[in-house]
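Asks: One-letter residues, chain by chain:
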Amino acid sequence: MKPEYHLQVSRLCKNHGRRLILNELEFSLPKGSCTLLTGENGAGKTTLLRILANLEKPDRGRLRLTEQPWQPWRKMRRTLQQRVMYLHQHPYMFNGTVEYNLRFALGSRVPQRDAEPLIGKAIRLIGMEAFRKTAARTLSGGERQRVALARAWLRSPQVMLLDEPTANLDYESRQRTLELLQRLRNDGMTLVIASHDPLHFEGLTEQRLHLQAGKIEAVALNMNPAAQPANVVSMRRDYA
Amino acid sequence: MTCRNIFVRIFSLFLLTLSALQFAVAQAGEPQQVIRLATTTSTDNSGLLQALLPYFEKGNGYKVHVIAVGTGKALRMGRDGDVDVVLVHARKAEDEFVREGFGERRFSVMYNDFVLVGPAGYPAGVRDSRDAGDAFRKIARHEALFISRSDDSGTHKKELGLWKKAGIKPEGKWYREAGQGMGKVLQMAGELSAYTLTDRGTWLAYREKLPLRIAFEGDPLLFNPYGIIAVNPEVHPHINHEGAMALIRWMTGKEGQARIAAFTLHGQQLFKPDAKADEVALLKP
Amino acid sequence: MSALLEATEKALELLISGDEALWQIIAISFKVSGSAILIATPPALLIAFALAYLRFPGRRVLVSLFSTLLSVPAVVVGLTLYLLLSNRGPLGDWRLLFTQSAMVLGQIALAFPILVAMGHAALQSADKRAWETARTLGASPLRAFFVVIRETRFGLLAALLAAYGRIIAEVGASMMLGGNILNYTRNIPTAIALETSKGEFAQGIALGAILLLLAFTLNGLLHYVQGKGVQTS
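Protein chains in written order, with this note's numbering: chain A, 110 to 349; chain B, 7 to 291; chain C, 2 to 234.
Rather than coming from a laboratory, the hints here were simulated on the basis of the structure.
There could be a bad hint or two in this list.
Below 27 Å or equal to it, Euclidean Cα-Cα: the simulated DSSO-like pairs (lysine-lysine) are [said to hold, decoys possible]:
no.: 1; chain 1: B; residue 1: Lys98; chain 2: B; residue 2: Lys175
no.: 2; chain 1: A; residue 1: Lys166; chain 2: A; residue 2: Lys184
no.: 3; chain 1: B; residue 1: Lys278; chain 2: B; residue 2: Lys163
no.: 4; chain 1: B; residue 1: Lys215; chain 2: C; residue 2: Lys129
no.: 5; chain 1: A; residue 1: Lys230; chain 2: A; residue 2: Lys242
no.: 6; chain 1: A; residue 1: Lys166; chain 2: C; residue 2: Lys229
no.: 7; chain 1: A; residue 1: Lys140; chain 2: A; residue 2: Lys324
no.: 8; chain 1: A; residue 1: Lys242; chain 2: C; residue 2: Lys129
no.: 9; chain 1: A; residue 1: Lys140; chain 2: A; residue 2: Lys230
no.: 10; chain 1: B; residue 1: Lys278; chain 2: B; residue 2: Lys171
no.: 11; chain 1: A; residue 1: Lys242; chain 2: C; residue 2: Lys229
no.: 12; chain 1: B; residue 1: Lys278; chain 2: B; residue 2: Lys79
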């Protein structure tokens, strides 16, 4: 069966000064899939994610959403802004309580009456009911990561991009984050995870994109998340 | 949570204080008709204008903004059209101001006189001078400390004139050029036990706070007439000429002259009214 | 010594008895400096924000320009504005010389570089992710701007207090531009200068005490605010 693509990217280019970061990239994100993005430091993983989240402009590129015609990138920036959510490696917590941080994602137009149950739901999702009134900046890295996930979830994005979500987390925090990601994916969200540690996400990801020298080098598509992709060995070599 | 509240509290307190003060200020400052009067520090610091002007303002519906500076600066402001009327005491500069067309006409208002003041011991024997020239020559000969206004004020011009009359070019360590107002210079003279030339009005106002005495007075050369001049509306059409003329009429008129005569400080009359009948006759209401 | 004590005693008496002339001077001071700060702050913040967050040609020049302006003496600002606002000057038609508006203008000119330079430093030190996170969470650029302002509020408040402290105590520009007119443009610093020159030390001391008190309060607030900023960042 032909997979249904959520996002298709074509001829994506990006230069930083004279340095070519992304060179005519071509890839697709299947709907409701989880994609692992690997590559060495400086290979352009973060730049790619930021471009997809409309935090940076590419030099060139085309984009196609599900069942819609191809469009030049600049025409799609608003759409990306609305549907794609980017999570920093070290999420930024606003100066305020966990509740304030979650409330922020809903914007001031959502009345308090409607916001309350949503915030409750988000906070239950990450299992942090007890931290509702805690100053967000006093939380640990793993807790911040989860608050950031809940905050992003409140925007109900269709695609979520995560930059090294498990870096610097202890085992328990990592497991909790992975469980959360699993749930989000099961709910039909399309995920892209940039990581140095592909092993952490085994069983979660169906597709791997490997960035090297501005190109996507290895692409393994596997619609069955339980199975191991064939090129896992080469990935591990890069990782080492 | 708490830090936010405190912040909000501090900030709103700050804004509240500000806005409360904004409204607390009486709007006295911005009436319909303002007359800008540039004058010398001697008329303002002595309290004369503060005693006089409220009567004028009440009777005429004007508000007078007094800018007290040296005579030179006051005339310069008139020249530039930054004020409507000037009240100064430096006859030569006043006549020049009128001759060059910046002022309309000079009207005599009042006079006081200058006195030479110095430390109680009267060094250099200044007290026994025959006339002003003699007193100044003695100071120069004995190199007694002398503080000059050196601010282009009427008093400064008078002082320079007196040195010239005495045939002396004042310079040297004993001659200090302060560049300050009269009150400041009197204080400096007090602190340094020096001589200085002052108008009698300022002297009377400061006398009690100073260790100085009058060393010489009474020479007609020390006569100090004040003139009031409206800025020429042909040169500066935007000025409040009507207001300026109203003020001149009042100052040279019966009430103004009577009030000048009645103004005293420490029981002494400071200024003698001096309006000339032939000049006043030119002022049609 | 006894003269000083006597004058101080009289000063306290003036303050406590609510001497009208004295309080009028104080009110004018707060009115003028308050207006200057209120007018100067929004544009200064926008410029500080642009300098910290936007990349445009001439940005570095502007940054160093504003830090140079920081050290321009008040009398030079006063003189420049005097020449501009004088009837003979290019802005003479505004008829602003010797009005409260002229003083406000002078104080704006003095406060502006402080607000921009210190505001820029505060915003610069802020985490760039604040803006980005706000934007990705759906905030409009305007709302994101206010988020950054909120996140750096302690540093910005410190800039505000520093600027206010400078202009409320400033004498040179106020004297030149306002003309020290009684009940109109005579504020605390110009009144102190005048009273001192008149030898009326009691009023000078009373007004000086107000300024001193204000300086203490502002400094206390500043320290408190900066302490807060350190704690929460």
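Asks: Any hints from earlier that this structure breaks? Give me their numbers in increasing order, please.
Replies: 4 and 6
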